[in-house]
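Chemist: Construct the entire structure; sequences and hints are all you get.
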Amino acid sequence: AQKILEEDTLIPLPYDLVTKRVIKPPGCMVLRLIRVREYKFKVDPTTGVKRHLECCRFVCDGSADKREDSFYAETPDRILLFLVTSIGASIGEHVSSSDVERAYLNAPSLDRNIVVFVPPDIKGLPTWSMLNKGLYGSRAGALSWQVWIDSILTKQDYQKCDVARGMYTKELSSGELLRVYRHSDDFRVSSKDVRGM
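Each residue of the sequence shown is one higher than the last, beginning at 1 in the working numbering.
Among the hints, a few may not be true.
Claimed, not checked - Lysine-lysine pairs mimicking DSBU-like chemistry, simulated, CA-CA at most 30 angstroms apart:
#1 Lys155 / Lys3
#2 Lys42 / Lys192
#3 Lys192 / Lys3
#4 Lys123 / Lys40
#5 Lys40 / Lys3
#6 Lys123 / Lys20
#7 Lys155 / Lys170
#8 Lys3 / Lys66
#9 Lys123 / Lys24
#10 Lys66 / Lys24
#11 Lys192 / Lys160
#12 Lys170 / Lys192
#13 Lys170 / Lys160
#14 Lys123 / Lys66
#15 Lys50 / Lys3
#16 Lys192 / Lys155
#17 Lys40 / Lys24
#18 Lys123 / Lys42
#19 Lys3 / Lys42
#20 Lys3 / Lys24
Said to hold, decoys possible - Here are the computed distance ranges between Cβ atoms for each label pair:
#21 Cys55 / Thr75: 18 to 26 angstroms
#22 Lys40 / Asn113: 28 to 36 angstroms
#23 Pro120 / Ile23: 14 to 22 angstroms
#24 Ile152 / Arg51: 27 to 35 angstroms
#25 Ile87 / Lys24: 47 to 55 angstroms
In case anyone wonders, no lab produced these hints; they're calculated from the structure. We put the beta carbon where it would ideally sit given N, CA and C, even for glycine.
Modeler: Listed below in structure tokens is the structure:
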């Protein structure tokens with residue numbers, strides 16, 4: 001809940017004091033916020049040891065979104081990662097991998113008509129809000145993130161590949177090629193030039 005508040009993911013809706021009702025925009029779509037529990041293998045912040053930790057994630061219940069529109073986000077197949085890894089290994093590239101923190105919450109929502117309802121059992125968030133950022137579960141959440149990261153990388157002189165759409169390349173000052181592979185919010189960076197990475 002704190003992460004969602006810090007990133008201005010939800011904008012509280014105004015409240016009509018006379019009718020005692022929330023004022024929703026006309027034609028809006030209401031999605032319920034739900035809690036998803038999962039286990040991730042990561043470092044325990046209390047012990048510093050890697051183990052399975054129970055995590056909780058808030059997501060929109062996107063099943064209420066019945067639109068015919070396509071919100072396809074370019075998430076390449078893992079086979080591309082294996083191909084890039086094998087090419088990089090054969091030419092002696094150095095590799096770095098990372099996971100973007102609060103990935104979708106960085107990206108402005110492409111949907112400007114979604115109202116999020118937070119049930120009473122979830123504390124710390126406004127009950128009725130407009131969705132301001134990409135959020136897991138919303139159909140355009142992944143696409144919002146892709147559009148946002150595309151704009152950032154192209155401003156930094158990366159070229160987006162035409163066929164492998166989750167791949168970006170950049171020529172470094174050393175003349176070596178820097179490759180960035182994006183799979184959802186995971187990144188893999190590789191190059192023969194370690195300093196340039």
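Chemist: Could you check the structure against the hints above and give me the numbers of any it violates, in ascending order?
Modeler: 3, 17
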